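*Asks:* Protein chains in written order, with numbering that gives the first Met the number 0: chain A, 0 to 171; chain B, 0 to 171.
By construction, these hints were calculated from the structure, which means they are not laboratory data. Do not rely on the hints blindly, as some may be mistaken.
Same chains, same label: a pair holds when it works inside one copy or across any pair of copies.
[Said to hold, decoys possible] Below, in silico cross-link-like pairs of lysine to aspartate or glutamate (EDC-like), each with a Cα-Cα straight-line distance of 20 angstroms or less:
(1) K140 - E86
(2) K2 - D41
(3) K140 - E70
(4) K40 - E141
(5) K111 - D167
(6) K31 - D51
(7) K43 - D147
(8) K2 - D167
(9) K31 - D85
(10) K31 - E50
(11) K40 - E1
(12) K31 - E141
(13) K31 - D167
(14) K156 - E141
(15) K156 - D144
Here the structure is a predicted model, which is why all the values come from computation and not from measurement.
Below, each chain spelled out in residue letters.
Number of protein chains: 2
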Amino acid sequence: MEKGYVHVYTGNGKGKTTAAFGLAARALLSGKIVYVAQFVKDMKYNETKLEDHFSNITIRQYGRGCFINGEMPGEEDVLAARNGLDECRRILSEGQYDLVVLDEITIALSFKLLDVSDVLRALEGKSYGTEVVLTGRYAPKEIIDFADLVTDMTEVKHYYTQGVLSRDGIDH
Amino acid sequence: MEKGYVHVYTGNGKGKTTAAFGLAARALLSGKIVYVAQFVKDMKYNETKLEDHFSNITIRQYGRGCFINGEMPGEEDVLAARNGLDECRRILSEGQYDLVVLDEITIALSFKLLDVSDVLRALEGKSYGTEVVLTGRYAPKEIIDFADLVTDMTEVKHYYTQGVLSRDGIDH
Numbered sequence: 000m001e002k003g004y005v006h007v008y009t010g011n012g013k014g015k016t017t018a019a020f021g022l023a024a025r026a027l028l029s030g031k032i033v034y035v036a037q038f039v040k041d042m043k044y045n046e047t048k049l050e051d052h053f054s055n056i057t058i059r060q061y062g063r064g065c066f067i068n069g070e071m072p073g074e075e076d077v078l079a080a081r082n083g084l085d086e087c088r089r090i091l092s093e094g095q096y097d098l099v100v101l102d103e104i105t106i107a108l109s110f111k112l113l114d115v116s117d118v119l120r121a122l123e124g125k126s127y128g129t130e131v132v133l134t135g136r137y138a139p140k141e142i143i144d145f146a147d148l149v150t151d152m153t154e155v156k157h158y159y160t161q162g163v164l165s166r167d168g169i170d171h
Numbered sequence: 000m001e002k003g004y005v006h007v008y009t010g011n012g013k014g015k016t017t018a019a020f021g022l023a024a025r026a027l028l029s030g031k032i033v034y035v036a037q038f039v040k041d042m043k044y045n046e047t048k049l050e051d052h053f054s055n056i057t058i059r060q061y062g063r064g065c066f067i068n069g070e071m072p073g074e075e076d077v078l079a080a081r082n083g084l085d086e087c088r089r090i091l092s093e094g095q096y097d098l099v100v101l102d103e104i105t106i107a108l109s110f111k112l113l114d115v116s117d118v119l120r121a122l123e124g125k126s127y128g129t130e131v132v133l134t135g136r137y138a139p140k141e142i143i144d145f146a147d148l149v150t151d152m153t154e155v156k157h158y159y160t161q162g163v164l165s166r167d168g169i170d171h
């Protein structure tokens, strides 16, 4: 069995979740089995429709999304994230998925919904062959140190400064 | 008709083509019509199999790939890239595609297969509603100045330094 590596896509620029779904698509098209866990998020996005087209992907959301819109996270957000991490820890250790994406997990860390030591424990316990991708801003040093590949997606320029809102099929 | 914007995904880290295909997948899943032009590349990748699963994507390659493997580009590479840009200029201007990806076009620029003024002309002549994504290292200042969104995908760490070669379904 080939070794699976740990990727981190972090930084303040556009492309983190997008790249994770690009990698998921590439893996799906090669016949790999893919699990996408979305922390914090609770909306259906265009990318979550991949499930309608491919039988080898499972997408689950472990968020309530509300505090993205300005509210601070509460107990329910913490509970949702912790239940998600518990499920992901099991999934990572069992090895039935070739690629596991932990989307926005570093945002969950940055809002203290999760503890970095628990995330590291899940990564340490992963099956040898499982490839893992973590996305989100503010990836902490412990995660970067642990990862095999880290890309910082740095915003040089973004059209939101032109007043462009999130658009269907492009931004979500 | 909504305005289409110009994205650039550049930098030395993993994620540029991956994000472009992630965006292509998101657009496909929302019902948009997508064209992917791959410059320099001539191999079939897992991501190019998107054509087998979605009728609303067209992928064309305008490269010979050889100089990636150490050979310097020759006349045939220049011709392939220029023919590709001619086709893309027409496609961008006609507006029948909602999203056009110009994958590795900045590599074609950096190897002087194309002239930056010709690429700018193609972008300037694009249909109002067409969204365009350019990828590749070494995006020149003229392209960055022109773009609406630029992400620099900076390599913090890469597993090739551990001797990991490009793997099926993950790296290609």
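*Asks:* So, for every hint listed, does it hold in this structure?
*Replies:* Hints, one by one, checked against the model:
1. K140 - E86: neither (24 angstroms within a copy, 46 angstroms between copies)
2. K2 - D41: neither (32 angstroms within a copy, 28 angstroms between copies)
3. K140 - E70: neither (27 angstroms within a copy, 39 angstroms between copies)
4. K40 - E141: neither (23 angstroms within a copy, 37 angstroms between copies)
5. K111 - D167: Neither: 30 angstroms inside a chain and 36 angstroms across chains, both beyond 20 angstroms.
6. K31 - D51: both (16 angstroms within a copy, 16 angstroms between copies)
7. K43 - D147: neither (30 angstroms within a copy, 26 angstroms between copies)
8. K2 - D167: between (37 angstroms within a copy, 13 angstroms between copies)
9. K31 - D85: So K31 and D85 fail the 20 angstroms test inside a copy (23 angstroms) and across (37 angstroms) alike.
10. K31 - E50: Close inside one copy (14 angstroms) and across copies (18 angstroms); limit 20 angstroms.
11. K40 - E1: Neither. Shortest intra-copy (32 angstroms) and inter-copy (26 angstroms) distances fail the 20 angstroms Cα cut-off.
12. K31 - E141: Neither, since 29 angstroms and 40 angstroms both go past 20 angstroms.
13. K31 - D167: between (28 angstroms within a copy, 10 angstroms between copies)
14. K156 - E141: Intra 28 angstroms, inter 14 angstroms, cutoff 20 angstroms: inter-copy only.
15. K156 - D144: between (28 angstroms within a copy, 9 angstroms between copies)
The structure shown violates the earlier hints numbered 1, 2, 3, 4, 5, 7, 9, 11 and 12.
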